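Asker: Let chain A serve as the given structure and place chain B with the ligands on it in line with the hints.
Which chain is which? The protein sequence lines are A and B, in order.
FYI, the numbering for the first sequence is 6 to 800, going by the working numbering.
FYI, the numbering for the second sequence is 1331 to 1494, going by the working numbering.
To be clear, the hints were calculated from the coordinates, so they are not data collected in a lab.
Quick caveat: nothing in here was measured; it's all calculated off a predicted structure.
Backbone N, C-alpha and C define an ideal beta-carbon position, used for all residues, glycine too.
Watch out, some of these pointers could steer you wrong.
Claimed, not checked - Partial list, computed: chain B residues near chain A (C-beta under 10 angstroms):
hint	residue
1	L1361
2	D1383
3	D1412
4	G1413
5	F1422
6	Q1429
7	K1488
As the list claims (entries may be wrong) - Label-pair ranges, simulated between beta-carbon atoms:
hint	chain 1	residue 1	chain 2	residue 2	range
8	B	P1332	A	G40	43 to 49 angstroms
9	B	D1412	A	S504	24 to 30 angstroms
10	A	N596	B	P1449	46 to 52 angstroms
11	A	S504	B	S1342	40 to 46 angstroms
12	B	K1341	A	E249	42 to 48 angstroms
13	A	K546	B	T1337	56 to 62 angstroms
14	B	P1449	A	V593	46 to 52 angstroms
15	B	G1362	A	D718	30 to 36 angstroms
16	A	E595	B	T1337	56 to 62 angstroms
17	B	P1449	A	D445	32 to 38 angstroms
18	B	A1411	A	E455	52 to 58 angstroms
Chain by chain, the residues run as shown.
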Amino acid sequence: MNAIFEGIGASVRRKEDLRFISGRGHYTDDMNRTGQLHCILKRSDRPHAIIRSIDTSAAKAAPGVVAVFTHADLDADGVGGVPCGWQIHSKDGSPMVEPAHPVLATGRVRHVGDPIVAVIAETRQQAKDAAELLVIDFEDLPAVAHIADAIAPGAPLVHDAAPGNTCFDWHIGDKAMVDAAFERAAHRVKLDLTNNRLVPNAMEPRCAIGDYDPMSGDFTLITTSQNPHVIRLLMGAFVLHIPEHRLRVVAPDVGGGFGSKIYHYAEEAIVTWAAGKLHRPVKWTSDRTEAFMSDAHGRDHASTAEMALDAEGNFLALRVSTVANLGAYLSTFAPAVPTYLSATLLAGVYRTPAIYAEVRAIFTNTVPIDAYRGAGRPESTFLLERLLDTIAHDTGIDRIELRRRNFIPADAFPYQTPVALQYDSGDYQSTLNAALKAADWDGFPARKAEANSRGKLRGIGVSTYVEACGIAPSKLVGALGARAALYEVAQIRVHPTGSVSVFTGTHSHGQGHETTFAQLVASQLGIPYENVDIVHGDTNKIPFGMGTYGSRSLAVGGSAMVKAMDKIILKGRKIAAHLLEAAVEDVVFENGQFTVAGTDRSKSFGEIALTAYVPHNYPIEELEPGLEETAFYDPANFTFPGGCHICEVEIDPETGVTTVVNFTAVDDVGRVINPMIVEGQIQGGVAQGIGQALLENAVYDQQGQLVSASFMDYTMPRADDLPNISVGTETTLCTHNPLGVKGCGEVGAIGSPPSVINAVVDALSDYGVRHLDMPATAHKIWSIINASGMKMAAE
Amino acid sequence: MPNVTLTVNGKSHTVEVEGRTLLVELLREKLGLTGTHVGCDTSQCGACVVHIDGNSVKSCTTLALQADGTTVTTIEGLAAADGTLHPMQEAFREHHALQCGFCTPGMVMSAIDLVQKNPQGLSEADIRHGLEGNLCRCTGYHNIVKAVSAAWHTMHGKELVAAE
Ligand code: FES
Ligand code: FES
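Bound conformation, chain A alone (with noise of 0.2 angstroms):
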């Protein structure tokens, strides 16, 4: 192996562990500035509305307020909107609609939590004291808050610029072929689902300050980001027109994200202009309602999607339509998430030669959908493997030989899958038989009788999947809508006595990055883990990087510090044959030192990196002093981690509650660089993912009301409703990046929510249930179990 790898696979213990355990991390709201000022956003309660006046006078008059903006001031300052980063064409060529995303609501409020005035005073009570005197004159319009109410003829329309409420109508695939296929097809198996709506719940809230310094025109920005140059980007070049040399935006410790913390909220561009117009700090802190109406939501989609197959059982074909409601506005990758980080994974692990799918995306008067956790993938995961159970219900034949039978083969890669994308490596046959292994599949007839002599149902349910990561390639992103690249950036300063310090970036709100990156780099320059440091999240500091989100961190920003690696062995390489007056070709680099092949002449990489910046005896002619490079990696592919996810159920039918016995999950996530953190990410993720299956749900009324908006009403899952979560790793290796990494980060939230409502439908097996949307609560079993008026075979 090479000597890269050597130290790379043990559970190192976390080096930002230290700070987090003692209370000593500092997260946003931790921070304070002199003079500093605080922020309230008065909201709209209505889900659709004409602001017909604004009355801020007696709230300008009140105790402690130094300013109240609304919109008209920000206009009056050329502030411009929120801005989307990708842009989506229709079927016909049109480009989407894209309508206006103004910071504080002008002229009509579109959903619950939009913000409409800013309320500024010397301390936080006093601007929530104040801004309870604004008196704002709504008209109240009809709303559309579900998928089906929005779509139907002559709903309420959420933008005038939007007929139907359609943003954009989009398709992939071959029509043609699909439709060719259904018709010679011997089974067609059809499935109406929905993909229920998720609030991502970082448990840290939003929160941002921003400041000025009138004396050099700074601008600084404290945000809670997982992106702090894409905010920099998307906020000084498109809202507030400050140019980035003058604008640093800085995201320190920041607790939890999935997603919801990648786009550019107005809430950022509110107090850094408001910095700007007051010269004083201005803080806003989010608070956990406001975090339910103000942050991206996720999923809500309703799809339907029918198979076909031959008379074996192999599929000939796949066809796919989905509604995808985006929300009010446009959130910043809002467009992607249901097309092409959704669409073109329909082939999933199965080699189904035509697939055809149409997506049209929706506007609705409920708090903007975007990425979260999984983005995209979960929904095109579930579609599949819902639609895999079905299929096995329908035709008879059993749900893991259906699976096995179409599987693309281990010896099929590189695999191009009719929906654009190409897998480079992966093994299903081999997770899915370490996972029936590890959950013991044979053995669950047993565990059944025995549940049900206690009175209880119980089910198993499987789900085997890709998902497509590390995003992405600069070229082809860019050619499919995206307004940015997806490179990373990663910069290696060497220190003169040896130590290093790294720059990258990548963002780290919970996922190890001090660590991983600390034992990549010490393992690869052959010194202790100790010396190297990793710096992330601020503007001031690192180069250009685009941040963490769809499991990005590792396989791009982690190639890229092996690119600049790479230039540091070369540059150690010729300093080192230089003293050693030999062949820049004949010295190599091994466990941090620096030897002429064949000989015991060498030198330390210390040593090396002391000459490098005291270049006394030096080839300074040819060579810069000094010790630092860096490099930027564009991927040349997608990572394509996969799996198999088995979950096991009891369900009381007495009272419908599902409880999930055993889980467990063997994913295959390329080479694994800290085994500890990989499992962590992954149980994380499938905590989430049965959160979603089970207890999730941000439910609006008909009106547009959003009646989950608090952890009272909406379920996350605690502790005693989650199972010990088994994990196991199986490795084929990414073949485009030096690391061989695929990414971990989402795994868990994509593979996992198919298997729990697979093992529910399972276990009401006997009650004749086909399918169940999510989340599966007790209720819902309950009315079922109810209904069929059937007892227990046990009783």
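Answerer: Relative to chain A, chain B with the ligands alone:
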């Protein structure tokens, strides 16, 4: 405005507060103890848990005035003066029971109370039930349960057999 006098992490403070000031606001804003977090506004998440006179309490649901005359311990007050970590802190680190760290202070404070009040033993189900008032969005709780179980053994001087 009224005063409250309380001892926090061994130091006595007298602080002027409004009647509506919450204990968590006093800790974070007046005393600069930002290790105690706020994750919700409905007393559901437990990010704000501290100990008042040895009992775990949600400081977002406690008025500062109610803490008058009490002894409060926050996450910052757990480690010994020489920096030696509390066994629960050690266990969280050892078992990877935290990711983003935001729930961690409240989780650790709740877990210590749970372990202290249950010297007779804690099953996995007891731990899961006992931590039901603390939300973690990152870990899936699996490793938190392992850490609390391990810390129970250290704190009660028992040897840990078969950690799984
Ligand atoms: S902050 Fe959520 S319970 Fe106290
Ligand atoms: S570690 Fe992030 S919420 Fe628990």
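Asker: State, for the Cβ atoms of A/E595 and B/T1337, whether the hinted interval 56 to 62 angstroms holds or is violated.
Answerer: holds, 58 angstroms
Asker: Quick check: does the Cβ-Cβ distance between B/A1411 and A/E455 fall within 52 to 58 angstroms?
Answerer: holds, 54 angstroms
Asker: Do the Cβ positions of B/P1332 and A/G40 conform to the proposed distance bound of 43 to 49 angstroms?
Answerer: Given range 43 to 49 angstroms: violated, Cβ gap about 27 angstroms.
Asker: Evaluate the given range 40 to 46 angstroms for the C-beta pair formed by A/S504 and B/S1342.
Answerer: holds, 42 angstroms
Asker: Using Cβ atoms only, decide whether B/L1361 comes closer than 10 angstroms to chain A, and label the hint accordingly.
Answerer: violated, 12 angstroms
Asker: Just to be sure I understand the hint, the distance between the Cβ atoms of B/P1449 and A/D445 should be within 32 to 38 angstroms; is that true here?
Answerer: holds, 36 angstroms
Asker: Measuring from beta carbon to beta carbon, are B/D1412 and A/S504 in 24 to 30 angstroms?
Answerer: At roughly 26 angstroms between Cβ atoms, A/S504 and B/D1412 fall inside 24 to 30 angstroms, so the hint holds.
Asker: Verify the interface restraint on B/Q1429: the C-beta must sit less than 10 angstroms from at least one C-beta of chain A.
Answerer: holds, 4 angstroms
Asker: At a threshold of 10 angstroms, is the proposed contact between B/K1488 and chain A supported by beta-carbon distances?
Answerer: B/K1488 check fails; min Cβ-Cβ to chain A is 21 angstroms, beyond 10 angstroms.
Asker: Kindly confirm whether 30 to 36 angstroms is satisfied by the beta carbon distance between B/G1362 and A/D718.
Answerer: holds, 34 angstroms
Asker: Are B/P1449 and A/V593 spaced within 46 to 52 angstroms by their CB atoms?
Answerer: The hinted range 46 to 52 angstroms is violated for B/P1449 and A/V593, with Cβ atoms some 60 angstroms apart.
Asker: Assuming the hint says 42 to 48 angstroms, is it satisfied by the Cβ distance from B/K1341 to A/E249 or not?
Answerer: holds, 45 angstroms
The structure fails to meet hints 1, 2, 3, 7, 8, 13, 14 from the earlier list, while all remaining hints are met.
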